[in-house]
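In this text, residue positions in the sequence shown follow the UniProt record's numbering: the first is 1, and each later residue adds one.
By construction, these hints were calculated from the structure, which means they are not laboratory data.
Just so you know, these numbers come straight off a predicted model, no measurement behind them.
Treat the hints with caution; some may be incorrect.
[Claimed, not checked] SDA-like mimics (lysine to any residue), calculated; alpha carbons at most 25 Å apart, straight line:
| # | residue 1 | residue 2 |
| --- | --- | --- |
| 1 | Lys298 | Ala119 |
| 2 | Lys159 | His191 |
| 3 | Lys79 | Lys159 |
[What the hints assert, rightly or not] Restraint-style ranges between C-beta atoms, simulated for each label pair:
| # | residue 1 | residue 2 | range |
| --- | --- | --- | --- |
| 4 | Leu189 | Tyr322 | 33 to 41 Å |
| 5 | Thr136 | Gln221 | 19 to 27 Å |
| 6 | Phe327 | Gly294 | 52 to 60 Å |
| 7 | Ser6 | Leu189 | 31 to 39 Å |
| 8 | Asp232 | Met356 | 49 to 57 Å |
| 9 | Gly294 | Asp135 | 22 to 30 Å |
| 10 | Leu272 | Ala25 | 36 to 44 Å |
| 11 | Arg357 | Asp198 | 47 to 55 Å |
| 12 | Glu202 | Asp290 | 14 to 22 Å |
| 13 | Gln243 | Leu189 | 38 to 46 Å |
| 14 | Glu202 | Leu86 | 19 to 27 Å |
| 15 | Leu140 | Leu192 | 25 to 33 Å |
| 16 | Leu189 | Glu355 | 46 to 54 Å |
| 17 | Leu21 | Glu269 | 41 to 49 Å |
No residue lacks a Cβ here, since even glycine has one placed at the ideal position from N, Cα and C.
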Amino acid sequence: MATDVSSGIGFVRFWAAAPALDVVALCRSHSDQNKLAGAATDGKNTLHTNTHDGSKERAGDATEDLRQPQEQDVQENGKTLNILLLGLGDIHHILFTASRLWKETNRGYRIHFFVHEEAPEVLARHLLLLDVVNDTAMSLREKTETFIDLYANSRLLPKTVAYIHERQTLLTDFVCEEQPHPLDALVDLSHLKHRQRDEIQEVMTAWHPAVQFDVDALREQRLRHCYGQRFDYKVNLMDWNYQMNLSPMVPILHWRQYKRFALTGVTFETRLADHTDPNRTLSSYTKATDTKRGQNVKVRGFWGDIVNGPFYAYGAETRQRYRDRLFRKVGDSQRYNSHDIMTFNLSSILYSLEEMRVSLRRAKAKFGCWMQTQFRRATAREQS
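Given the sequences, and given the hints that come with them, work out the whole structure.
Following this line, the structure appears as structure tokens:
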């Protein structure tokens, strides 16, 4: 085939290529496997773990045996997990893990995610998506739709563009540490150099609606380079890629949905509205050579993925308890599609995070009332 697959994947990764993972559950599974292997080696029928031995402690072994008393689990869970996310281009592991911390077996963990991305455009997008997740002014539905539109589409709704413009200045001040921001308690930028902060600031400045970014023309250039001489038959090549590569791995992905992404870049449409404005958060720079002057330059364009799409992180899988209902078939066709799965997964994540935030506020208020009661009682005893 005349398709340049490596060119179609792109040079800057904006979307993950695998579903989200619960890091705490993964560490528990890894810890349990180590315990079983250790018990088999020692020839014992019971599991023993010395979690207070600093020489043997590992970040992944941060759990006790699930069959031990819950009080011991709480003590064991009072640990820190340090997780490195290297070049994933996505924050889906962070969001999904944080949304599962309400579980009884996950409480007490302190998790530090260290995110490394080569492109400053990806880091800037991470901050914007985290800002959307933590925006308490929006309803759950509005937050989900804004996240999906911003995350997956190359063209945006006008209200999404207005939202980016509204948050642009606040995020720039947050990166420059000029104004307090709600992300101060969640994101630590102290590991970044001043040059890297300046690069992120420049990326956010390019999100302004006045900055030109013809995403349709740039995507067409990418498609012409990817399909080469068979560009006129690109729909057939897209169908082949879908049938041979994508459909076996993601059966919930519908052909029409993938075709719309591959041709236009608008993956998920919201309420039959028109996506009229370019998604400037998908603009990026890549290294190139100026053939006239023989110098290395950076070229701004659309250098993201044009063959696989943004389906895998949130729209390919769901939790096992909901899988039978969401992946059921009617005849030979799936009852739901990738957009439905992504909407459900993101709504579930955002709802869990919001409930945890509300529960924390209630706990603080309850603790404050208890402290006031104790203070009044102590004052009354002193006066008597």
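Against the structure, the hints:
1. Lys298 - Ala119: Judged against 25 Å, a Cα distance of about 12 Å means the pair holds.
2. Lys159 - His191: Between Lys159 and His191 the Cα gap is close to 34 Å, so the pair fails against 25 Å, i.e. violated.
3. Lys79 - Lys159: Distance ~42 Å between Lys79 and Lys159 Cα, so the pair is violated.
4. Leu189 - Tyr322: 33 to 41 Å: 36 Å, holds
5. Thr136 - Gln221: 19 to 27 Å: Taking Cβ atoms as reference, Thr136 and Gln221 lie about 41 Å apart, which means the hint is violated.
6. Phe327 - Gly294: 52 to 60 Å: 55 Å, holds
7. Ser6 - Leu189: 31 to 39 Å: 33 Å, holds
8. Asp232 - Met356: 49 to 57 Å: Cβ of Asp232 to Cβ of Met356: about 52 Å, so the range 49 to 57 Å holds.
9. Gly294 - Asp135: 22 to 30 Å: Given about 48 Å between the Cβ atoms, the range is violated.
10. Leu272 - Ala25: 36 to 44 Å: 38 Å, holds
11. Arg357 - Asp198: 47 to 55 Å: 32 Å, violated
12. Glu202 - Asp290: 14 to 22 Å: Given range 14 to 22 Å: holds, Cβ gap about 21 Å.
13. Gln243 - Leu189: 38 to 46 Å: Between Gln243 and Leu189, where Cβ atoms are some 44 Å apart, the hint holds.
14. Glu202 - Leu86: 19 to 27 Å: 24 Å, holds
15. Leu140 - Leu192: 25 to 33 Å: At roughly 32 Å between Cβ atoms, Leu192 and Leu140 fall inside 25 to 33 Å, so the hint holds.
16. Leu189 - Glu355: 46 to 54 Å: Distance hint for Leu189, Glu355 is violated at roughly 28 Å.
17. Leu21 - Glu269: 41 to 49 Å: Check failed, 29 Å falls outside 41 to 49 Å.
Of the hints listed earlier, those the structure fails to meet are numbers 2, 3, 5, 9, 11, 16 and 17, in rising order.
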